[in-house]
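*Asks:* Sequence:
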Amino acid sequence: MAATAAVAAIATPAQAVGSFCDIAKATYTGGYNNANIIMPANDGADGISCSMSRGASGSGVYALQQTLNRCYGESLSLDGQFGPRTQAALIRAQQRHGATRDLGRYTDDEAYYLKFMGIRGLRLVCARMDGAVLQ
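Numbering-wise, the sequence shown is residues -16 to -1, 1 to 119 according to mature numbering (1 follows the signal peptide of the UniProt record, and there is no 0).
It is possible that part of the hints are untrue.
Said to hold, decoys possible - Restraint-style ranges between C-beta atoms, simulated for each label pair:
(1) Gly82 - Arg38: 20 to 26 Å
(2) Arg76 - Gly28: 28 to 34 Å
(3) Gln79 - Ser33: 20 to 26 Å
(4) Ser59 - Thr84: 21 to 27 Å
(5) Pro68 - Gly105: 34 to 40 Å
(6) Ser59 - Arg38: 15 to 21 Å
(7) Tyr97 - Tyr12: 15 to 21 Å
(8) Gly82 - Gly28: 27 to 33 Å
(9) Ala72 - Asn18: 29 to 35 Å
The set of hints was computed from the structure by calculation and includes no laboratory data.
In this text the structure is predicted, and so the values were computed from the model without any measurement.
Positions of the beta carbon are idealized from the N, C-alpha and C atoms, including for glycine.
Full structure from sequences and hints, please.
*Replies:* Here's what the structure looks like:
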């Protein structure tokens, strides 16, 4: 069972069509190495199924930027704007995990392989959706 908390955001035109990531959601990964990770999500979608690309803005982008900084060593401004620097950082993270499609675009398919910033006990960690704590 997933424990979730949501942070509301206003959708922009770049997010208005389909299931775009307009919020950040705390999701319990489960498993032996369980953690609560903060992931981009869609306020109207079930779970964390969403996508976003350059031009998007809001809490979902902010969560992605936090993850890229904490788990991938980037130094992005936490401005909630999916601009060229966020896109380039996402491509580097995706390539690090062997991604070959949807580069520079955040999708639920790609999200499965990425590490996300989270909390396990009293520690900040980076963990995947399957519960693997990687830092």
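*Asks:* Mind checking the hinted window 20 to 26 Å against the Cβ distance between Gln79 and Ser33?
*Replies:* holds (23 Å)
*Asks:* I want to verify a distance hint. Is the separation of the beta carbons of Ser59 and Thr84 within 21 to 27 Å?
*Replies:* Holds, at about 26 Å.
*Asks:* Is 29 to 35 Å respected by the C-beta to C-beta distance linking Ala72 and Asn18?
*Replies:* holds (32 Å)
*Asks:* Holds or violated: 27 to 33 Å for the Cβ distance of Gly82 and Gly28?
*Replies:* holds (31 Å)
*Asks:* Per the hint of 20 to 26 Å, is the separation of the Cβ atoms of Gly82 and Arg38 within bounds?
*Replies:* Hint holds: Cβ distance 22 Å, inside 20 to 26 Å.
*Asks:* 28 to 34 Å was suggested as the range; check whether the CB atoms of Arg76 and Gly28 agree with it.
*Replies:* Given range 28 to 34 Å: holds, Cβ gap about 30 Å.
*Asks:* Would you say the C-beta atoms of Tyr97 and Tyr12 sit inside 15 to 21 Å of each other?
*Replies:* holds (19 Å)
*Asks:* Has the hinted range 34 to 40 Å been met by the Cβ atoms of Pro68 and Gly105?
*Replies:* holds (37 Å)
*Asks:* Could you check the hint for me, namely that Ser59 and Arg38 are 15 to 21 Å apart, CB to CB?
*Replies:* holds (19 Å)
Violated hints are absent here; each numbered hint is respected by the structure.
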